[in-house]
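Protein chains: 2
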Amino acid sequence: MPEEHFHLIKTSNAARAGELYTPHGTVPTPVFLPVGSQATVKTLTPQDVKDVGFNMVLANTYHLYLRPGIDIIEKMGGLHRFMAWDGAMLTDSGGYQVFSLAPLCRIKDDGVAFRSHIDGSEHFLTPELAVKYQESLGADVMMVLDECTAYGDSHEKVRKAVERTHRWAERCLKAQKRKDQALYAIVQGGIFPELRRQSAEYLTALDFPGYAIGGLSVGEPKEMTFAMVEETSALLPVKKPRYLMGVGSPEDIVEAVARGIDIFDSALPTRVARNGALFTSKGRINIRKAAYRKVDAPLDPDCDCYTCRTFSAAYLSHLFRSDELLGLRLATVHNLRFIANLMGKIRNSILDGTFSAFREDFLSSYKTTDEKTRVEQKGRWLRSTPRGL
Amino acid sequence: MPEEHFHLIKTSNAARAGELYTPHGTVPTPVFLPVGSQATVKTLTPQDVKDVGFNMVLANTYHLYLRPGIDIIEKMGGLHRFMAWDGAMLTDSGGYQVFSLAPLCRIKDDGVAFRSHIDGSEHFLTPELAVKYQESLGADVMMVLDECTAYGDSHEKVRKAVERTHRWAERCLKAQKRKDQALYAIVQGGIFPELRRQSAEYLTALDFPGYAIGGLSVGEPKEMTFAMVEETSALLPVKKPRYLMGVGSPEDIVEAVARGIDIFDSALPTRVARNGALFTSKGRINIRKAAYRKVDAPLDPDCDCYTCRTFSAAYLSHLFRSDELLGLRLATVHNLRFIANLMGKIRNSILDGTFSAFREDFLSSYKTTDEKTRVEQKGRWLRSTPRGL
Chain A
8 MPEEHFHLIK TSNAARAGEL YTPHGTVPTP VFLPVGSQAT VKTLTPQDVK DVGFNMVLAN
68 TYHLYLRPGI DIIEKMGGLH RFMAWDGAML TDSGGYQVFS LAPLCRIKDD GVAFRSHIDG
128 SEHFLTPELA VKYQESLGAD VMMVLDECTA YGDSHEKVRK AVERTHRWAE RCLKAQKRKD
188 QALYAIVQGG IFPELRRQSA EYLTALDFPG YAIGGLSVGE PKEMTFAMVE ETSALLPVKK
248 PRYLMGVGSP EDIVEAVARG IDIFDSALPT RVARNGALFT SKGRINIRKA AYRKVDAPLD
308 PDCDCYTCRT FSAAYLSHLF RSDELLGLRL ATVHNLRFIA NLMGKIRNSI LDGTFSAFRE
368 DFLSSYKTTD EKTRVEQKGR WLRSTPRGL
Chain B
8 MPEEHFHLIK TSNAARAGEL YTPHGTVPTP VFLPVGSQAT VKTLTPQDVK DVGFNMVLAN
68 TYHLYLRPGI DIIEKMGGLH RFMAWDGAML TDSGGYQVFS LAPLCRIKDD GVAFRSHIDG
128 SEHFLTPELA VKYQESLGAD VMMVLDECTA YGDSHEKVRK AVERTHRWAE RCLKAQKRKD
188 QALYAIVQGG IFPELRRQSA EYLTALDFPG YAIGGLSVGE PKEMTFAMVE ETSALLPVKK
248 PRYLMGVGSP EDIVEAVARG IDIFDSALPT RVARNGALFT SKGRINIRKA AYRKVDAPLD
308 PDCDCYTCRT FSAAYLSHLF RSDELLGLRL ATVHNLRFIA NLMGKIRNSI LDGTFSAFRE
368 DFLSSYKTTD EKTRVEQKGR WLRSTPRGL
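Protein sequences appear in the order of chains A and B.
The first sequence begins at 8 in my numbering and counts up one residue at a time.
The second sequence begins at 8 in my numbering and counts up one residue at a time.
By construction, these hints were calculated from the structure, which means they are not laboratory data.
By construction, the Cβ of each residue, glycine as well, lies at the ideal position given by its N, Cα and C atoms.
Please note that a few of the clues may not be correct.
With a straight-line cut-off of 27 Å between C-alpha atoms, the simulated DSSO-like cross-links for lysine-lysine are [to be verified]: (1) B:Lys301 to A:Lys49; (2) A:Lys247 to A:Lys139; (3) A:Lys57 to B:Lys57.
Label-pair ranges, simulated between beta-carbon atoms [unchecked claim]: (4) A:Asp330 to B:Thr18: 41 to 47 Å; (5) B:Asp330 to A:Glu230: 34 to 40 Å; (6) B:Lys139 to A:Asp330: 26 to 32 Å; (7) B:Leu358 to A:Asp330: 39 to 45 Å; (8) A:His14 to B:Gln54: 36 to 42 Å; (9) B:Asn282 to A:Lys184: 40 to 46 Å; (10) A:Phe131 to B:Arg316: 36 to 42 Å; (11) A:Glu201 to B:Asn282: 55 to 61 Å; (12) A:Ala298 to B:Asp93: 25 to 31 Å.
Just so you have them, the derived chain B footprint on chain A, three or more residues with Cβ under 8 Å [stated by the list, open to error]: (13) 49–58; (14) 69–80; (15) 315–324; (16) 333–347.
Could you put together the complete structure from these sequences and hints?
Right, dumping it as structure tokens:
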């Protein structure tokens, strides 16, 4: 890990602007990480990802462990070289995916047994292996193995998961050999404030270089999500980066920044793009709607992305109606550019002290007009909305 | 049409090197046109297509008539502007697609009735409408409406189709209003040399600016295809460009250039790319094979495409095994770059008088190693291998 991993530059109430330092470059925060679970941000080349405005991405240990295999990536010189990405990178530990994607997952104190969702083969993941795999992958930020709970789980069940998560976090810390990678802890506790507090306190004492908030946006009402983010975030060390896993939508990012979050990742912007749901300055629209068939203007005249600079909404509409692969790519470019621009505006407004006004402005003008697609944004039970897919 | 549409620069036996002049630039020949049936070369942006090395593409009137509709494209300022392509463009008339894709197609002297393969709606296409639609689309080269026959059709059936194709060609010529577009005739005649000769003679007398050879590579044995190409090509006017529709594979292109063809189009390079079949200097391989899983080197070390300059064969293999969309794009870039390089080598060798040696060299080193995918290259009955899909 670099000497200083995170530097807090300015705050605006709870909102924070800072910088992450990694072996693959400096990352301004608040930052959103495009999701590249399988060593690719779907439809985009590494150059596209940079051109769109990102210099840090997320990949998933679970997916890469199953396919192509950690050994192959290691032989290829690590994940950066394998996927030709020279920017910063974070890998998730695989914990969440084992619980949300893998069939027949059985948890023990030692680790978690699961079957591959690809071929049904049996596997066993421990905190030590999660760290070992992530060291082989070589990402700049690694995550501890945690036990994830679901919305609706009892206090008792969540309490036990929190305690196991703590024991596992210690084991991960102990297992870490490479020192150029930052290992983040994950605060669990479901929707129970006192468990969240216990978790934050316990993990803070272990002095990790960064802290994630896990187990949210998994089906609980949105107000509950933000209440938990607010309470948990306030308990985390000021000088360490805070990462809200699996969030999210433009409006949720703004709300979470207002509660002190520095790092985000979510497959939502890219996944909904492939369904034709596109972010615009006035809110989210669906390009498949008949209204766009004849629009001889960019989808969002305020957008500076390649898609909006080059094509009309009518052309995008045509690509989606014709099931053309280029449509998925152009929509991905657009939504990610929207998020990159959003993160830039958020950060600038924190730096010049106008974040509250920006937040109010943004949330009043940004509407998710298509109610049908709105549903996708709401968390449901884990299995149906896996993080990072 | 520009004053001079085609200039023959050099010949090497039957092979020809020349230039096509179009309102959207000069195109060196022999040339291959990437297929963008639905106003997009699948997975690629217009910039990608240029970067890969092409300045002329093909689009299909049939597809665009059905979706988004000719009226919409016309309102958007024509097909060039709609798809943001400023290079040269050829549109097929829709004849072949009506016969190969549309259900319940019924041919009359006036035109052809068919149902949409998308929604079953009824339509009627005439030679006059085919020209009108193509004038609205605004491509640099248009094709006449022709009647296509299949391998196995009787002499009598093919003879009647040839005669109807001739009448329709005259009607297309008469219907043409815009003079900045070159309208090409299509020589038919199946596998019957005397019908091919009659067709070539009849259409040559009408003095079209270019001539296509249609109705080949639809199931007949390869030797028969090339015998027909050789005979027909020799009957066409020396000073006019010759276009072999729906061909092809690298080896077929080389063989057809040797028989005097100047223009090619085929969905094969891009379609097989999406199946993981990739052209290399040693022949065609399939990236899905297990052998590529651990190859820490470019797929083809002799290739200068973005894919080979950036990624290992192992990474490409991973993308295909993981059903990642980026794989389809990277494979498309690779195969099209291979064809662009091939066309460049062919042309240079004609210009410096070494084409025969190049042809011999190429055909002896280029092997299609994967027999299973080899089948795709062989024409079958029309419906199963539509041109331009």
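Okay, the hints, checked on the actual structure:
Under the criterion of a C-alpha separation no larger than 27 Å, the hint pairing Lys301 (chain B) with Lys49 (chain A) is consistent with the structure, at around 22 Å. About 24 Å separates the Cα atoms of Lys247 (chain A) and Lys139 (chain A), which keeps this hinted pair within 27 Å; it holds. Using a Cα cut-off of 27 Å, the hinted pair Lys57 (chain A) and Lys57 (chain B) holds, with the two alpha carbons roughly 21 Å apart. Separation of Asp330 (chain A) from Thr18 (chain B) is about 44 Å and conforms to the stated range, judged on CB atoms against 41 to 47 Å.
The hinted range of 34 to 40 Å is satisfied by Asp330 (chain B) and Glu230 (chain A), whose Cβ atoms lie roughly 38 Å apart. Between Lys139 (chain B) and Asp330 (chain A) the CB atoms are about 28 Å apart, so this pair conforms to the stated range of 26 to 32 Å. The hint said 39 to 45 Å for the Cβ distance between Leu358 (chain B) and Asp330 (chain A), and at roughly 42 Å that hint holds. Taking the beta carbon of each, His14 (chain A) and Gln54 (chain B) are about 38 Å apart, inside 36 to 42 Å as hinted.
Checked against the given bound of 40 to 46 Å, the beta carbons of Asn282 (chain B) and Lys184 (chain A), roughly 42 Å apart, stay inside it. The hinted range of 36 to 42 Å is satisfied by Phe131 (chain A) and Arg316 (chain B), whose Cβ atoms lie roughly 40 Å apart. Here the CB-CB span from Glu201 (chain A) to Asn282 (chain B) is close to 56 Å, well matched to the stated 55 to 61 Å. One distance hint, 25 to 31 Å for the beta-carbon pair Ala298 (chain A) and Asp93 (chain B), holds here, with the actual separation near 28 Å.
Residues of the stretch 49–58 of chain A with a Cβ under 8 Å from some Cβ of chain B number 5, which satisfies the need for three, so the listed coverage holds. Under a criterion of three residues with beta carbons nearer than 8 Å to beta carbons of chain B, the stated coverage of the stretch 69–80 of chain A is upheld, 4 such residues being counted. For the stretch 315–324 of chain A, the stated coverage by chain B holds: 6 residues have a C-beta nearer than 8 Å to a C-beta of that chain, and at least 3 were required. With 4 residues carrying a beta carbon less than 8 Å from a beta carbon of chain B, the stretch 333–347 of chain A meets the three-residue requirement, and the given coverage holds.
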